[in-house]
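Line order of the protein sequences matches chains C and L.
With the working numbering applied, the first sequence covers 4 to 227.
With the working numbering applied, the second sequence covers 4 to 227.
Just so you know, not all the hints are guaranteed correct.
For chains that are exact copies, the list does not tell them apart, and a pair is met inside one copy or across any two.
Said to hold, decoys possible - Simulated pairs of lysine to aspartate or glutamate, EDC-like, Cα-Cα distance not exceeding 16 Å:
1) LYS80 with ASP152
2) LYS204 with ASP179
3) LYS81 with ASP152
4) LYS191 with GLU226
5) LYS80 with ASP19
None of these hints come from the bench; they were simulated from the model.
There are 2 protein chains.
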Amino acid sequence: MDQVRVIEIKKSIFEDNDRDADNLRAELKGKGVFLLNLMSSPGSGKTTTLIKTINSLKDRMKIAVMEADIDSDVDAKKIQEATGVHSIQLHTGGMCHLDAEMTRQGLAGLEQEADLVILENVGNLVCPAEFDTGATKNCMILSVPEGHDKPLKYPLMFSVCDLVLINKIDVMPYFDFDLDLCKKYVLKRNPNARIIPICAKTGEGIEEFAKWLEDNVHKQKGEK
Amino acid sequence: MDQVRVIEIKKSIFEDNDRDADNLRAELKGKGVFLLNLMSSPGSGKTTTLIKTINSLKDRMKIAVMEADIDSDVDAKKIQEATGVHSIQLHTGGMCHLDAEMTRQGLAGLEQEADLVILENVGNLVCPAEFDTGATKNCMILSVPEGHDKPLKYPLMFSVCDLVLINKIDVMPYFDFDLDLCKKYVLKRNPNARIIPICAKTGEGIEEFAKWLEDNVHKQKGEK
């Protein structure tokens with residue numbers, strides 16, 4: 004396989020991240036590129052979910068992945084090897100989140116055009132929610148072992164997400180996880196959130212997530 | 004039960020957090036108080052681990068708990084109800100970590116003396132590792148569902164911890180988690196780290212953690 008490209012991104016020089024993020028979102032709309040900002044705790048299954056979903060979608064559209072990480076390049080390599088899609092690693096230099104300028108630096112580092120760009124944000128339920136990356140939509144993964152009470156404890160994360168994937172539903176019998184209560188807590192934070200229970204390991208729910216992405220990619224191009 | 008006290012802590016006014024943290028550590032040593040800074044991802048089982056451990060230790064020493072959270076007071080209430088020990092909630096006002104001054108504000112808000120104070124930091128593997136709280140020792144919990152590769156992805160967290168608890172070992176059969184490899188990765192980050200596999204739900208390993216705490220409390224008082 005090709006070597007994965009690693010980009011050392013720098014902190015934004017712009018004071019007004021929200022304005023910069025809105026500008027980036029408009030530029031992406033103009034180009035017909037759908038950018039998904041994917042957030043979660045460490046270990047919730049972001050990478051496995053991406054691999055399954057990309058393999059389902061890659062023959063239907065051009066996909067690129069930007070993996071943000073403090074300093075490893077484990078995930079970008081894993082995704083490129085498992086799916087063949089163009090993946091780059093963004094090193095945040097210890098930063099706990101990405102902002103719009105950092106996202107812009109990542110996009111500029113992509114070496115192939117894409118209809119769908121997925122940004123895997125730093126594994127953290129706090130800081131990434133506070134900084135608008137300029138992505139078209141936000142998605143987060145909550146995994147069953149983390150507990151159904153997380154929307155109560157990390158309110159901002161759940162309120163900024165358009166889509167919440169509830170992952171590892173195969174292990175629900177081994178954890179005290181109340182799916183209905185969890186959905187209720189998510190909707191309390193964001194009544195418009197779409198919720199899809201999935202199991203990245205077995206593939207359950209992945210088609211529904213892929214369909215959501217595909218619909219959004221079409222919308223972004225003005226095709227639907 | 005009594006109402007749990009909630010303290011709104013403010014960001015440090017000190018530029019030099021490291022010096023402030025060293026000062027706090029020395030003051031605690033002078034008073035014979037052992038302060039443990041407990042860190043982890045969201046949902047790794049910090050609160051359940053604390054409840055089990057405190058119930059094992061509370062007849063042998065005076066314990067107090069400071070629960071840091073963005074804005075809920077779920078955990079402090081839960082701990083006070085389940086153990087009877089004095090617990091307060093520290094609201095970080097959206098901040099993703101605690102620094103030494105914030106910890107000092109929490110300690111000043113305790114209404115009872117204690118031999119052991121446990122600070123449950125914000126659920127986050129990135130930022131809390133960057134700010135020395137002034138605690139006597141640092142401990143983190145990694146849970147099996149998060150994956151054995153986390154020491155590779157969150158290097159600083161693992162290098163600052165004196166003790167790593169590997170929790171939820173009861174569900175190891177359902178996850179691709181290699182305990183030996185995980186231990187190797189932890190020791191790569193910090194060759195002096197103590198590692199204890201536990202299951203907060205069943206109680207496995209909790210006595211070993213309680214013993215580690217008890218030994219440290221004695222040391223802090225100069226009794227051993």
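A quick look at each hint next to the structure:
1. LYS80 with ASP152: Between copies only: 14 Å across chains, 33 Å inside a chain, cut-off 16 Å.
2. LYS204 with ASP179: Answer is between; shortest inter-copy Cα gap is 10 Å, intra-copy 20 Å.
3. LYS81 with ASP152: Cα proximity of LYS81 and ASP152: across copies only (13 Å, versus 31 Å in one copy).
4. LYS191 with GLU226: neither (32 Å within a copy, 51 Å between copies)
5. LYS80 with ASP19: Answer is neither: 33 Å inside a copy and 38 Å across each miss the 16 Å cutoff.
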